[in-house]
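Novice: Read off the chains here:
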Amino acid sequence: MKPSPPSRLVDLQALMVRAVMRPLTRDDGMQRNWTDGSATSEVAAQFIRPNDRLDSFDRLQIYNQQYWWRLLGNFEEDFRGLRAVLGERQFDKLAVAYLDHCGSRSWTLRDLGRRLEEFLRAHPDLTAPQTELALDMVRVEWARTVAFDEAEKPPLPANKVRNIPPELLRLGLQPYIVLLELNHPIDHLLGKLKRRTEIETGSVSNAVSGVRSRGRRRLTARPSRSPIYLAVHRHKFSVYYKRLDPEAFRLLCALRKGAPLDKACEIAFSFSSDSPEVMAEKVQSWFAAWMNFGWLTRPPAV
Amino acid sequence: MPSSRFNAFTDYGIGIGLRIPHYQHILEKKPVVDWFEIISENYMVDAGRPLHVLDQILEQYRVVQHGVSMYFGNASRPNRDHLRKLKKLVKRTHTPWLSDHLCWGSVDGRYTHDLLPMPYTWEAVETTAANIREVRDFVEVPIAVENVSSYAEFHMSEMSEWEFLNEVVERADCGILLDVNNIYVSSKNHGFDPQVYVDAVPADRVAQIHVAGHSKFEKYILDTHDHPVLDPVWKLYAHAIERAGRTATLLEWDDRIPSFQDVHREALKAARFLPNNEAVAA
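Just so you know, the protein sequences line up as chains A and B, in that order.
Quick note: the first sequence uses the working numbering, first residue 1, plus one each step.
Quick note: the second sequence uses the working numbering, first residue 1, plus one each step.
So here's chain B without its partners, still in its complex pose (with noise of 0.2 angstroms):
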């Protein structure tokens, strides 16, 4: 969605994650890079090489923050502890919006570190809305809830996962970073059409859209975030941009990171799809 309340009202392009390889490359080359997303637990530290590098990075460049154990479908409350830290990192980076995963994640203070799926009920919808909505008002900075690929689902499941994330929203008040590549895994891997859960979201919350590689196993999909984007997904991602408008994009490479030149050229493939193209080379 070009720019909203769920967005801080920004506008911006396409953007790569920042990624430990391509620290030197960055700080000493300097690339025209729109933004940067950061995955925040890796910047929720005290002191030392990681707070110096960010430091340099935000004088440079916009960062916005993506973080990966909130757990906002945690059946638990947010943890105090990691929200003071989380805050704390908010006030250095200024991130216009904040984003989590609509997952859960721990038990009784016992982490996964996995994102795993949510069960689609009624009850889930309220203890999701009622902690992102926790999460917002201690951080103060509008919430995108990115939705995550899932191998498997729930006999107590009582509606499909676009409803279910459009209930949480919409009770939450709050904006979705949609993951084409996280729909198109979980399409594959519980035999649904990717374009329905497209249309089924609500394209004015759509604060941010992620794009990334997944690997194909024989029996199901992984999203490994280790590959460049497939075309089903480059599909999916036009769909939804023509859906929400020009909307901030981000090309997602975790594992066996390659070059940052080879990583920003395929996230500035997303500039094909979106409307009145600004988008800088690599």
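Just chain A, same shape as in the assembly (with noise of 0.2 angstroms):
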């Protein structure tokens, strides 16, 4: 239905807002159709001024034009993997339809992608058929967010826990660090990613002619034959991805989630065949570590 004419200030700016925020057409332009099928420019007509040079339409347009290249400017930066991974023509379909329907729902644009794994997995369609894939990728990129700028606890000095039993020693882990399991070796694309890119941009040579077409292609991988644990973590400022053993993930996991240690422990090695030697021994290297990274902290009070 065609809105009326808006007389408040509430009205005016959802209206607004419903206008700036419906996606382009293919040519990059204003939607010439309202929602109800009206022409747009009786809309715009309807709350925007026109000048000797443009009409309401055209000035209105200045506006979606501005939201839907901003937007889809920082989607692009933050997910170039899965760009990648889908090539160019789906990645631009997949960012309107999550944008559209998603928008940003925060004062920073830092959080733009915080929904994308949630409806990637309810639209598969929309990055068949590397569905698989794009979600491993999805997921490390928007680790990669987190791991940049999440808080940071003091790190728990070895002292503190040497002479807590283990059925009493509960740890957090730091708010920074993303644990997940992968199907692919995303952390080996985006270093692959990553020369390609300097490649093309000339930051490593100067090399830039004929390689160009190199970059589009698609970054592809098979899915690894037994699951990837991946910790996506900062040190130093800097993100980094650290692939863990299988019992080493379950244990953080395990630990953040609350459990003690003796549980945790039990836990992670609930499928291993190791010996109780060996197990203490792996279990002390991975402290030495994780207590070198300063990941291990206070556990969160309950």
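Everything labelled a hint here was simulated from the structure, so no lab data went into it.
Source: prediction; values computed, not measured.
Just so you know, even glycine gets a beta-carbon here, dropped at the ideal spot from N, CA and C.
Do not rely on the hints blindly, as some may be mistaken.
Claimed, not checked - Here are the in silico distance ranges between beta carbons for each label pair:
{"hint": "1", "chain 1": "B", "residue 1": "Arg-110", "chain 2": "A", "residue 2": "Arg-53", "range": "57 to 63 angstroms"}
{"hint": "2", "chain 1": "A", "residue 1": "Glu-200", "chain 2": "B", "residue 2": "Glu-28", "range": "46 to 52 angstroms"}
{"hint": "3", "chain 1": "A", "residue 1": "Pro-155", "chain 2": "B", "residue 2": "Lys-30", "range": "27 to 33 angstroms"}
{"hint": "4", "chain 1": "B", "residue 1": "Lys-269", "chain 2": "A", "residue 2": "Gly-29", "range": "36 to 42 angstroms"}
Assemble the dimeric complex from its two separately framed chains, guided by the hints.
Specialist: Rendered as structure tokens:
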């Protein structure tokens, strides 16, 4: 139904935001028809004044275009890996569908991709036939955002936990660590993409000509024979990927859920045939590394 | 305006926007810059590199916060989560004043991330002024509102943009961040005399001035912040300084950002127009 001319601030803002957020046409213009099939130019004329060079439609179109170009630009920057997996055309279609459906619910564009994984799970057609690879990629790319600027708690010094019995020892993990179980080697794919981008932009060499077409090749990978366990984390203000043993991954997940150390170890090694001595040795070496990274903290207050 | 309650009685000279491509140069070379303006939202995070860099900058420089998504002109009240994070950052930077735009940009929690133009109505005056007062009372620093560039006007408007600005700042009792580039851009897009706008602004409320570059298209001008400042904007700046006196001035350059030296050199051109010029070389 064609809206009536707004007379209150709240109505004008609701109408304009509706117009601004409508997806652009294929040639990047504002849609000619309003949601009810009437002319968008008529709707625009109801609340926007024309001038001697631009009619109401043209003036509204500037905001419609700015909205989409800004959000699409930011979205593409955050999900370069997904774009490389799907190719430009499929990625663009997905980006418009996601932003049209979910939009931005935050004052910061940093959160733009927060609901992408959930959205893609509900709309597998948008990523077919690369759905599983695309989902893995999105999870890692969102994890990068989290790892980049999520909170950091004071790391727990080793001497604070040394004398606490395992059945009483509960530990927290740094909020910036994201633990992922993946079916594809996304860390390697992103490394490959980074190298490809460096070549294309000339930041490694000047060999730009002739490699652009290679840059448009889709990024692809076969599913891994066994799950890949990855921690996406931050060290000295840079984001890193660290592959984990399955037992180490389960141990960290259990600790994050609040299990005491003895229970977490039990969960971690529930499928293992390692001897108790080997298990103890592994746990000791993992803890040494995690302490070194500052991953372990006091548990969150219950 | 020289030091006043709208800029916490400070006397800042010429600053530039703190931008990522310049981080390394600034931290390594420590160039002499009077002050930096930061986009608040870029640092309203819990940890990580942005805050690490900011802390290093704060050890050496004076920083003023400039926001892009408080949306004083929204029909709804300010977002409380946003306010809490903003106040936390204010405590970190000790910004003497805080600026954001005289615009709106979100409805029912959906954000456009744009600076959408206000309808110049009495209802909007009251709503906007109330929102500014709420923000100021929460963050406890003086607020300066910035006029935006616009590409559309509304049938429902009841006054000119400068009349609207004056009514809002009077009712909110806040300062003005006068963006002379935005005045110029809007004057071309809407066909008014930019000098009339500058003359109408209460000079005693101007806490800060922005200058920037813009892009000309066939039928309108876009505020792109990707060029040096054009001559007509410098002329308007000179006129604003004549009226307001020595005022904290900042060059915005946000896209196709050249070297730090080029940006700083461009900003320092403002020194030609400032009384009691004590600007320093880049």
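Novice: Next, verify each hint and record whether it holds.
Specialist: Here is how each hint holds up against the structure:
1. B/Arg-110 with A/Arg-53: 57 to 63 angstroms: Taking Cβ atoms as reference, B/Arg-110 and A/Arg-53 lie about 31 angstroms apart, which means the hint is violated.
2. A/Glu-200 with B/Glu-28: 46 to 52 angstroms: 27 angstroms, violated
3. A/Pro-155 with B/Lys-30: 27 to 33 angstroms: Holds, since A/Pro-155 and B/Lys-30 (Cβ atoms, about 30 angstroms apart) stay within the stated range.
4. B/Lys-269 with A/Gly-29: 36 to 42 angstroms: Given range 36 to 42 angstroms: holds, Cβ gap about 38 angstroms.
Of the numbered hints listed earlier, those contradicted by the structure are 1, 2.
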